[in-house]
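2 protein chains.
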Amino acid sequence: MARPFHLNTPLLESVSMTQRVGTPVFLKMENSQPSGSFKIRGIGHLCQQLATDSKGVVCSSGGNAGMAAAYVARKMCVPATIVVPSSTPQLVVQRLRDQGATVNITGKVWDDANAEALRLAETEGLTYVPPFDHPLLWQGHSSVVSEVAASLEEKPGAVLLSVGGGGLLCGVIQGLKDVGWTDVPVIAMETVGADCFNAAVKAGRLVTLDDITSEAKCLGAKTVCRKAF
Amino acid sequence: MARPFHLNTPLLESVSMTQRVGTPVFLKMENSQPSGSFKIRGIGHLCQQLATDSKGVVCSSGGNAGMAAAYVARKMCVPATIVVPSSTPQLVVQRLRDQGATVNITGKVWDDANAEALRLAETEGLTYVPPFDHPLLWQGHSSVVSEVAASLEEKPGAVLLSVGGGGLLCGVIQGLKDVGWTDVPVIAMETVGADCFNAAVKAGRLVTLDDITSEAKCLGAKTVCRKAF
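In order, the protein sequence lines correspond to chains A and B. FYI, in my numbering the residues of the first sequence are 1 to 229. FYI, in my numbering the residues of the second sequence are 1 to 229.
Check the hints yourself; a few may be wrong.
Same chains, same names: a pair is fine if it fits in one copy or spans any two.
[Unchecked claim] In silico lysine-lysine, DSSO-like type, Cα no more than 27 Å apart, as pairs:
{"#": "1", "residue 1": "Lys55", "residue 2": "Lys227"}
{"#": "2", "residue 1": "Lys28", "residue 2": "Lys75"}
{"#": "3", "residue 1": "Lys155", "residue 2": "Lys75"}
{"#": "4", "residue 1": "Lys227", "residue 2": "Lys75"}
{"#": "5", "residue 1": "Lys222", "residue 2": "Lys155"}
{"#": "6", "residue 1": "Lys75", "residue 2": "Lys222"}
{"#": "7", "residue 1": "Lys222", "residue 2": "Lys55"}
{"#": "8", "residue 1": "Lys108", "residue 2": "Lys222"}
{"#": "9", "residue 1": "Lys55", "residue 2": "Lys202"}
Calculated directly from the structure, the hints in this document are not laboratory data. Small disclaimer: the values here were computed from a predicted structure and weren't measured.
With the hints as extra help, turn the sequences into a complete structure.
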């Protein structure tokens, strides 16, 4: 198997959180991944499976998924097109270009950009990189749990994570199964205004939010992936 | 051998520095060590060799060495006394206490604090942890180079590092020898006002600076260690 693009990131005990909570709290420093987030785990794995002979990858994300796709494509010497909506900050566009990606600005919101990405995949024969909804992404993300298991001396009392579209959640649950930690509770956190998973659980079915009103717009999804639900 | 206290930290390519310099620039993210700096490598190694049966360790540093000594001692279940001068910010004192260390505030400058640390080692039978001048520290620090060698695909064109008392410099040079990279130039950087290595090289002998006039007072040393010179 090809060498992965992600790193085994530090697992650090937070002294201040440990003091506040009264039990050791560890942080998995995924911000120190080469692309700046955990997304490189799943997207790296997916691209190594699907894009080795690709004439290019296309991803619709002005957030962490887009950065991961741009980084991975550069390392694989495959062209990357990242489609982002016009609301994307110039700094983000520049960072994507710094990774060698072609940035395509289409539409006002993510859904418009994603439609364009799917269209390009179809018409140009590019490999579509989904931001969070694909089994290969979840398999790649699951590596975060095996690293924690190799580093911690005992089984954790719980795992806390955030939910955007649910890709990390699916990956962590798979990872917990892989290491035999099926009895470890997972506490999934969402920000108010980007709580598509919470809305789905409350409604008992997948729900598409009217809008993302959280400050962290590019990190939210309007519908959680079915697998997470 | 006991499991080390330091982590294999991420080696990240800096896109902005690479663009500016025109050749790939990698950063070894030692800030993500559990103690916040590379000092944990050498101090962890030294304490594992010298302090396993110690009734306590004592270190004179309100900087990274003190934090590393406090962290390592806590993990080894050995009491730590960190002696700092009265100029040490309250935040630093609190962070050392958060690591479970006893903080002893003595004198106006580091030399006073160090004299007290040496006195305590003598009178109380504590294990003295030197901040930068000891072969076990250099041996511990050398692990940073073996990690880089395992991670980089080719030999680097140069290694850039900072000099405080010279401990990292000695460790890196040992590490370069260990991996067979003896022809890789090392560029040692100092800040104006804490340039004890520069002063020694210019004078052709060890020099003790009158004062540290750099902003980063707790990271400087007035005399570089003889081995580095």
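Check each numbered hint from earlier against the structure, then list the numbers of those it violates in ascending order.
1, 4, 5, 6, 7 and 9
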